[in-house]
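With the sequences and hints as input, model every part of the structure.
Protein chains: 2
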Amino acid sequence: MTAQRDYAALVQRGLSLDLTRGKPSPRQLDLSNDMLKLPSSYKAADGTDGRNYGNLQGLTELRALFAPLIQVPAEQLVVGGNASLALMHDTVVHALLSKVPGAERRWIEEPEITFLCPVPGYDRHFTICERFGITMVPVPMNAGGPDMDVVERLVATDASVKGMWCVPKYSNPSGIVYSDETVRRLATMPTAASDFRIFWDNAYAVHHLTDTPAELADLLALATAHGNADRVFVYASTSKVTLAGAGVSFFGSSPANVEWFLHNTAKQSIGPDKINQLRHVEFLRDPAGVALHMLRHADLIGPKFELVDKVLTEQLGGLASWTSPKGGYFISLEVPHAAEVVAKAKAAGIALTPAGATHPYGKDPDDRTIRIAPTYPDLDELEQAINGLAVCVRLVAEERG
Amino acid sequence: MTAQRDYAALVQRGLSLDLTRGKPSPRQLDLSNDMLKLPSSYKAADGTDGRNYGNLQGLTELRALFAPLIQVPAEQLVVGGNASLALMHDTVVHALLSKVPGAERRWIEEPEITFLCPVPGYDRHFTICERFGITMVPVPMNAGGPDMDVVERLVATDASVKGMWCVPKYSNPSGIVYSDETVRRLATMPTAASDFRIFWDNAYAVHHLTDTPAELADLLALATAHGNADRVFVYASTSKVTLAGAGVSFFGSSPANVEWFLHNTAKQSIGPDKINQLRHVEFLRDPAGVALHMLRHADLIGPKFELVDKVLTEQLGGLASWTSPKGGYFISLEVPHAAEVVAKAKAAGIALTPAGATHPYGKDPDDRTIRIAPTYPDLDELEQAINGLAVCVRLVAEERG
Numbered sequence: 001m002t003a004q005r006d007y008a009a010l011v012q013r014g015l016s017l018d019l020t021r022g023k024p025s026p027r028q029l030d031l032s033n034d035m036l037k038l039p040s041s042y043k044a045a046d047g048t049d050g051r052n053y054g055n056l057q058g059l060t061e062l063r064a065l066f067a068p069l070i071q072v073p074a075e076q077l078v079v080g081g082n083a084s085l086a087l088m089h090d091t092v093v094h095a096l097l098s099k100v101p102g103a104e105r106r107w108i109e110e111p112e113i114t115f116l117c118p119v120p121g122y123d124r125h126f127t128i129c130e131r132f133g134i135t136m137v138p139v140p141m142n143a144g145g146p147d148m149d150v151v152e153r154l155v156a157t158d159a160s161v162k163g164m165w166c167v168p169k170y171s172n173p174s175g176i177v178y179s180d181e182t183v184r185r186l187a188t189m190p191t192a193a194s195d196f197r198i199f200w201d202n203a204y205a206v207h208h209l210t211d212t213p214a215e216l217a218d219l220l221a222l223a224t225a226h227g228n229a230d231r232v233f234v235y236a237s238t239s240k241v242t243l244a245g246a247g248v249s250f251f252g253s254s255p256a257n258v259e260w261f262l263h264n265t266a267k268q269s270i271g272p273d274k275i276n277q278l279r280h281v282e283f284l285r286d287p288a289g290v291a292l293h294m295l296r297h298a299d300l301i302g303p304k305f306e307l308v309d310k311v312l313t314e315q316l317g318g319l320a321s322w323t324s325p326k327g328g329y330f331i332s333l334e335v336p337h338a339a340e341v342v343a344k345a346k347a348a349g350i351a352l353t354p355a356g357a358t359h360p361y362g363k364d365p366d367d368r369t370i371r372i373a374p375t376y377p378d379l380d381e382l383e384q385a386i387n388g389l390a391v392c393v394r395l396v397a398e399e400r401g
Numbered sequence: 001m002t003a004q005r006d007y008a009a010l011v012q013r014g015l016s017l018d019l020t021r022g023k024p025s026p027r028q029l030d031l032s033n034d035m036l037k038l039p040s041s042y043k044a045a046d047g048t049d050g051r052n053y054g055n056l057q058g059l060t061e062l063r064a065l066f067a068p069l070i071q072v073p074a075e076q077l078v079v080g081g082n083a084s085l086a087l088m089h090d091t092v093v094h095a096l097l098s099k100v101p102g103a104e105r106r107w108i109e110e111p112e113i114t115f116l117c118p119v120p121g122y123d124r125h126f127t128i129c130e131r132f133g134i135t136m137v138p139v140p141m142n143a144g145g146p147d148m149d150v151v152e153r154l155v156a157t158d159a160s161v162k163g164m165w166c167v168p169k170y171s172n173p174s175g176i177v178y179s180d181e182t183v184r185r186l187a188t189m190p191t192a193a194s195d196f197r198i199f200w201d202n203a204y205a206v207h208h209l210t211d212t213p214a215e216l217a218d219l220l221a222l223a224t225a226h227g228n229a230d231r232v233f234v235y236a237s238t239s240k241v242t243l244a245g246a247g248v249s250f251f252g253s254s255p256a257n258v259e260w261f262l263h264n265t266a267k268q269s270i271g272p273d274k275i276n277q278l279r280h281v282e283f284l285r286d287p288a289g290v291a292l293h294m295l296r297h298a299d300l301i302g303p304k305f306e307l308v309d310k311v312l313t314e315q316l317g318g319l320a321s322w323t324s325p326k327g328g329y330f331i332s333l334e335v336p337h338a339a340e341v342v343a344k345a346k347a348a349g350i351a352l353t354p355a356g357a358t359h360p361y362g363k364d365p366d367d368r369t370i371r372i373a374p375t376y377p378d379l380d381e382l383e384q385a386i387n388g389l390a391v392c393v394r395l396v397a398e399e400r401g
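If you're matching them up, the sequences are chains H and R in order. In terms of this note's numbering, the first sequence has 160 at position 160, counting the first letter as 1, and numbering is strictly consecutive. In terms of this note's numbering, the second sequence has 366 at position 366, counting the first letter as 1, and numbering is strictly consecutive.
Just to be clear, a hint being listed does not mean it is correct.
When chains are identical, the list treats them as one kind, so a pair holds in a single copy or across two.
Using 20 angstroms as the maximum straight-line C-alpha spacing, the simulated EDC-like pairs for lysine to aspartate or glutamate come out as follows [unchecked claim]:
#1 LYS326 with ASP309
#2 LYS310 with GLU259
#3 LYS346 with ASP367
#4 LYS37 with ASP6
No lab work stands behind these hints, which were simulated from the structure alone.
Here's what the structure looks like:
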C-alpha cells in the first residue's frame, strides 16, 4: 500500500515536469553566449568573403577543426545547416531519388527497402524510415553495441537491407559505446546489397561525462582499409556543443559518396551559412578548445546523471535496471509495464517520452524501455521528477503484484 | 573591320571579369555588417529561448515583419534556413514522396509530371526539374508576364501539368513584373490537375531600383478568394537583403499546404536557426526598416544598371535589344547568335552565364538570350565588361554579315 499512498501524494502536488527531450539547459546554452557577438571578421582563412554565396562543402578551417573529433578526413567532410537530422533525412531522400554509388537502381525503384534498427534507439531515425515506407527490423543491443551475429546474418542474406542506424558512442538512449570488435565487424562484414549504408550518427562524439572519455574505433578508416569505404555515412553536429538551434552539422564519407552528396546538394543550395561557420571556428578555436568547452558542459550535467542514478538506486533497487552512461544525453530505464508507468507519471504531471518511442513503429515488444532525458531540468526539478517516476514504478509493480 | 580590330585589342588587354551570377557586391554586404554583432538578446518575443531546439514554423515576430512584404498572412508563413532554393527543392521532394493536398497520388507515382517554365527564366529552377525527371515546357514571356493564353490552354488540357515556375516581380532575368491581369488569370484559371501548384518565387519582392516600386497583385489572396488557395506556394528570402549566405528564407501558402509542409519538415528538422531570425528582426525592425535598407542597396546598384543601359545604347543601338529593369538583379540582352557572343566574350576574359541557361535543358531555341548580372563588379570593371561584351556582339554581327 505504500506505493499507492505515495502516488496519491505525488498527484496532489500537481507537478509539471518534463523529461521528454534531450535539450541542453539554459545554463549550458549560457556557455556559448559569447558566440552571439561573433564573428569578429567575415573573412575565411582562404581570404574569401564568408558573407556571400558559395562554398557548398563548407569552410576548410571548420572541417579541419572537427575532422579528428569525428574521425573523417577534412577533405571528406561537408558542413551543413543547424541540424544533422536534416543531413540524415536528405541523404535518404537523395538515395531514394538518385542512385548511390554502387547501387543498381534508385532506392525508390526497389520493391522493398529495409533498415536495421538497434533497439533501444532514437525515435527520429525511425520516423525518417516510417515516412518513406522503409521496413525497420529491430536488432537487440548488447553491452558492446548491436548483436553482430544478428546484423551479419541479416545483411549477408537479405539484399533489401540497404541501411542501418547507429549511434555508436553514448548511444541514444542506453549510453552504450560500440566496442572495437563491433566496429570492426561492421566495417568488414559481407553484405548482400552492393549499396548497403551504415548511418553512423556520432551525435555524442565529444560529449563525455567522465575524465576517461570513451574511445570509439574509426569505422570509416576500417571500412576503407577493407575495401568498404562507400559503406559509411558519418553524421555529427554542434547542437549539443554550442547552441542547440544554431549549431552546424557535418556529413562525412568516402570520396565517391561525398561527390554524390554534393552533386545532389548543389541542386538544393548555393552554399551553407558560412558566417555561422566562422562564428564556430572563432569560438571553439581547435580540438582542445572543444574539449575544454565540453568539460564545462560535463560540470553542469554530470551531477544530473549522478542524481538520477542515486535516486533510482535508493528507490528501485531490485525493481528495475538502468544504464549509467559515461557520456551523451540519456539514461535507459528498464522496467516491467513501461507504458503503464509512463501513463501514471503523466497523470502525476511528469512528462516522459512515450513508452515504445525507443523502438521502430513505437512498439517495444517487451514493454520495458523508458528513456530518461535528465539534462534540461535543474537539479531540484530533476530530483522531484525521478522520485515521482520511482513512485510510479513501485505503484505499477505493486498493482501488478 | 572595326569590330575585328576592337576585339583583337580587347583580347590583348587580358581581362578577367565575371558577369555570371547575381551576387551582391562587398559594399552591399557591408550594409549589414552590424548584424555580425547581433542579436543582443536570445529571447524571442514570446519569451522562449531562441538558443534551444524547437519552433519549426519560425518566430512570430519575423513572420509578422515579412508577411506584408511578401503578401502572405503571418500565420501562413514558415521561416526556413539560408536558402529559399532549398525550400523550393524540398517542396518538390515532399510532393514527390508525400501526397500534396488535393492530389490523387504522390507525384513519384505519376507516369509524367510537367512544369511550365516561362522563358527566359532562372536556371536553378530548371535544374530542380531536371534532377527529378520533370518535363519542362517553355512558355514565352510578354511585357506583363508569361503568355497567359498558352498557360491557360496547357493547364486546362494536360493533367500532367503539376507545376509552374514564376519569378513574378523583377523577373530573373528580364526584370519583367507580372501585370494584375496576369496574376488574376493565374489565380482563377481552371486546371486539369487537382494538385496543380504555382511556385511563386518572389525573390525580388523588395528589391526596387526606382522611387516608384512596382506593385504586384496578391496571388495568394486572389487564388484564395476564388477557391484555389492550395494552388499557391510562395517563396522569398533575405539573401539579397541582408547577407547572401546567411539570410533567412520563407515559404508561404494556404493553411492546408502549410500543414502538409510542416508535417513533412518535422521529419527533417527539430527547428530552424532562431538566433539568425532574432538577428534579422533586431536589424531590420519593421517593413519601413526593410524599405530604408533596400534604398541603400538601390543607391549602390542603381548606377550599375544605368551604366549597362548607357553603354549598350551607345555601342549597340539597332544591333540588339535589352531590358531596363526597375528592380531585381538582372538585365536580359537579346542578340542574334548569343552562344557565339558568349564564347567570344569568354575568350576575351569576360565570363557570362552560358547562353541557353535561361531556358529549360539549357536550350534557347532562338539562341538570343544573354543574362547580364551587373551587381557584383565595381563600376569600372562593369564598364570594361559591358564595353567588351558590346565588342563581341558587334564582331559576331560583322562576321555573320
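Each hint tested on the structure:
{"no.": "1", "hint": "LYS326 with ASP309", "in the structure": "within (12 angstroms within a copy, 67 angstroms between copies)"}
{"no.": "2", "hint": "LYS310 with GLU259", "in the structure": "neither (49 angstroms within a copy, 44 angstroms between copies)"}
{"no.": "3", "hint": "LYS346 with ASP367", "in the structure": "within (17 angstroms within a copy, 68 angstroms between copies)"}
{"no.": "4", "hint": "LYS37 with ASP6", "in the structure": "neither (49 angstroms within a copy, 52 angstroms between copies)"}
This entry does not satisfy hints 2, 4, going by the numbered hints stated previously.
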